[in-house]
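If you read the sequences in order, they're chains A and B.
Read in order, the letters of the first sequence correspond to residues 1 to 273 in our numbering.
Read in order, the letters of the second sequence correspond to residues 1001 to 1273 in our numbering.
It should be emphasised that the hints constitute simulated quantities derived from the structure, not laboratory data.
Any given hint could be a false lead.
[Claimed, not checked] So, partial list: chain A residues that the calculated Cβ filter (under 10 Å) puts toward chain B:
1) Ser10
2) Tyr178
3) Leu186
4) Thr224
5) Leu246
6) Leu260
7) Lys265
In this text, all values refer to a predicted model and were calculated from it rather than measured experimentally.
Note that CB positions come from ideal geometry on N, CA and C, so glycine has one too.
Letter by letter, the chains look like this.
2 protein chains.
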Amino acid sequence: MSISFINALSVSVTVVLIKTSHSGNIGAVARAMKNMGLCKLRLVEPKNFPSDEATRRSSGAENILNSAEVFGSMDEAINDCHFVVGASARSRSLAWPLFNPRECATKVLSLIASQSALVVNGTEQLAEPVRKVALVFGQEASGLTNEELQRCNYHVNIPANPEYASLNLAMAVQVIAYELRMAALLEEESDLLSGTECAGAEEWEGELASVGEVEGLLQHTEATAIKLGFLNPAKPGMLMPRLRRLYQRAALDKMEVNILRGILKATLNQIGK
Amino acid sequence: MSISFINALSVSVTVVLIKTSHSGNIGAVARAMKNMGLCKLRLVEPKNFPSDEATRRSSGAENILNSAEVFGSMDEAINDCHFVVGASARSRSLAWPLFNPRECATKVLSLIASQSALVVNGTEQLAEPVRKVALVFGQEASGLTNEELQRCNYHVNIPANPEYASLNLAMAVQVIAYELRMAALLEEESDLLSGTECAGAEEWEGELASVGEVEGLLQHTEATAIKLGFLNPAKPGMLMPRLRRLYQRAALDKMEVNILRGILKATLNQIGK
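Pulled out of the complex, with its shape left as it was, chain A reads as follows (with noise of 0.2 Å):
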């Protein structure tokens, strides 16, 4: 039995958006979850939906528009919510517990993950939520109005550009969602993940070669600088450390030693006609 914490946020967690104005916004939403492993959509009080723009932006993620459910106020929408995290745009006169998007996909992780109702048996099957998690986005021009915003748990805001804070909608959304998947894909990984400093190494196709094979290497090009005439052995200076940090730095793997010492050879084979 483990814990799919991708699963977990696809269950748990709803998009709301309150009073959209352009459709196409909400069709760029539906895609932006998709993307990220989102499907639960609710709208309160759209003003145009469903819309063929909606539809064209949602670029084959009609599934999410078709099963958006519609709601006449927020309070309808986010009823069955266990936790409710409202996007703000900036600090209110009240101040309000305020994640940032990575603060708010741990919390929200954290949330989920101790139901039990997410261990996932061998069919990857998930129960309904016992707590559901509702992110609420308000108007594209103002944002949610106060009293929304007090009907949350927390707060998110994304740390935008001070002098021009407003992100588009979709924006918002995929950038909150990024998080969400982000953080579950850690939990799910963290392992594999935490040992990866310098990415993709693990997946790197060729053998790594080593220290011998990168030290024979480096014999074979100063033999060969120095038969060229480009190395002089009586005053070596930093030529040879340089090559050697260069080629460790790299990581280089079995078959660029190869390559690297035919070159080599090549050029030996040629110089001694």
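Chain A is fixed; fit chain B onto it per the hints.
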């Protein structure tokens, strides 16, 4: 004297869009950039630019569109840059160093943080950056081609839902720029450069080679390999892509390029005899 990482990002990072089809996306990218404090935009063969649609979607970020530079090829657009990150939707046949957006941000920050030119005086002015970072995004429908991806030091991949992995272009820029801004803000808050794990944070004494300089080295290498009979131009195979990947991964400094070209020059001189 202190280092402003937010300022460092804005002067050091350039977003490069290749052959963008929908001009609205260019506007949305400009808005996302400005929201995250980036300002340098380069366009390679945009289908339609400038355009009213781009201006409309930029929602007040016209200054970024107005100062955008248009180029005829990716080569020209990245020629003066020192470190190139390409957005990649999927893993390729020839594995390349791959980051997620958070790792990418750490890497970029560590690269630009070690520039002495970033020390800010009282007027918060910054010199022309010594290290220019390009973030390259391909055409909407197809992304970067394999050839374009091979021009990059590293690839960055947004860990999206595998069943629906293609983000809108501006959304991808938003996420990657958001991670850069978060990394910069966290650095400024913590004031702990020692916390950066990835290479580059240490003071590199040499100036990084530009893309053009590395390109010169690669052409010199190719010509030499052909002259040596090591590379058959009629059947080049993967020799040059592998050497390109190696040199780009290592992020060569100018001195290293000079050493390697010195060896090649000496080789060609000897063969010529």
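Report task. Output the numbers, in ascending order, of every earlier hint that fails for this structure. Result -> none
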